[in-house]
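Could you build all of it, start to finish, from the sequences and the hints given here?
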Amino acid sequence: MSSFLSAYLVDPAELRARVGSGNDGAVDEALAYFGPSLDRSDEHFTDEIAQGAPTAREALRAVVHGGPYSEDEDHAFQYGYAYRRLCWLVGQPLEVDSFGPFRGNWLDVVDEGLKAYGITAVSVAEFQYAGLPGNLPSCDVPSCGTWSAADCREALEQFEQAEREGRTPVPEREVAEAVAEVVGWLRLAQRWKDGDIVGFVS
6 MSSFLSAYLV DPAELRARVG SGNDGAVDEA LAYFGPSLDR SDEHFTDEIA QGAPTAREAL
66 RAVVHGGPYS EDEDHAFQYG YAYRRLCWLV GQPLEVDSFG PFRGNWLDVV DEGLKAYGIT
126 AVSVAEFQYA GLPGNLPSCD VPSCGTWSAA DCREALEQFE QAEREGRTPV PEREVAEAVA
186 EVVGWLRLAQ RWKDGDIVGF VS
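Per my numbering: the sequence shown = residues 6 to 207.
You may find that some hints are simply not true.
Okay, the calculated beta carbon distance ranges per label pair [to be verified]:
(1) Glu19 <-> Gly72: 17 to 23 Å
(2) Arg108 <-> Ala185: 19 to 25 Å
(3) Glu170 <-> Arg108: 31 to 37 Å
(4) Glu168 <-> Ala135: 25 to 31 Å
(5) Pro73 <-> Glu19: 21 to 27 Å
(6) Glu170 <-> Asp52: 52 to 58 Å
(7) Asn110 <-> Gly40: 34 to 40 Å
(8) Pro41 <-> Gly105: 22 to 28 Å
(9) Gln56 <-> Glu117: 38 to 44 Å
(10) Asp29 <-> Arg178: 46 to 52 Å
(11) Gly139 <-> Ser7: 27 to 33 Å
(12) Pro73 <-> Arg172: 47 to 53 Å
Since the hints were derived computationally from the structure, they do not count as laboratory data.
Glycine included, every Cβ here is placed at the ideal spot set by N, Cα and C.
Put into structure tokens, the structure is as follows:
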């Protein structure tokens, strides 16, 4: 089975103003923005919704209001996708050409490539093994992880230090391309100053 990584550069203050805020205006904004795509999502998850999972709209409303959430852990995926939609809404989608579709331990392989370039402050595998933030229900798919602005600054400094010292290995082409893509994310995050990178694997 193949997986996909999606990543977003977000303003954490903008995200906090929506997730758990109880702001009906934030709900209305999200529903208006995503519109028909929510209906398509519900069509895709027809069976799960028939078994009690929230609709995409219900999940968005719950994430913005901080609940109530279904107590059935099999329904938690809808809250994960709702959180991803909010990251899309307030953030900037990042280029992820090297990360989908992928199989097996590709993210761990890329992490080894990052380490070869001196980058240890961030890990793309974290996006696959971490969970949703705060009080959101835990789900395996989509998985989610966050690189703070400070993490991104440190990682870019590590890479630039390795460049200055001439530590520029030449790994396999696919790994080198993935590392270059990640470095591009870090440079963009630096221009945002206080932007976090949030990644999802589904």
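Which of the listed hints are not met by the structure? Result: no hint breaks.
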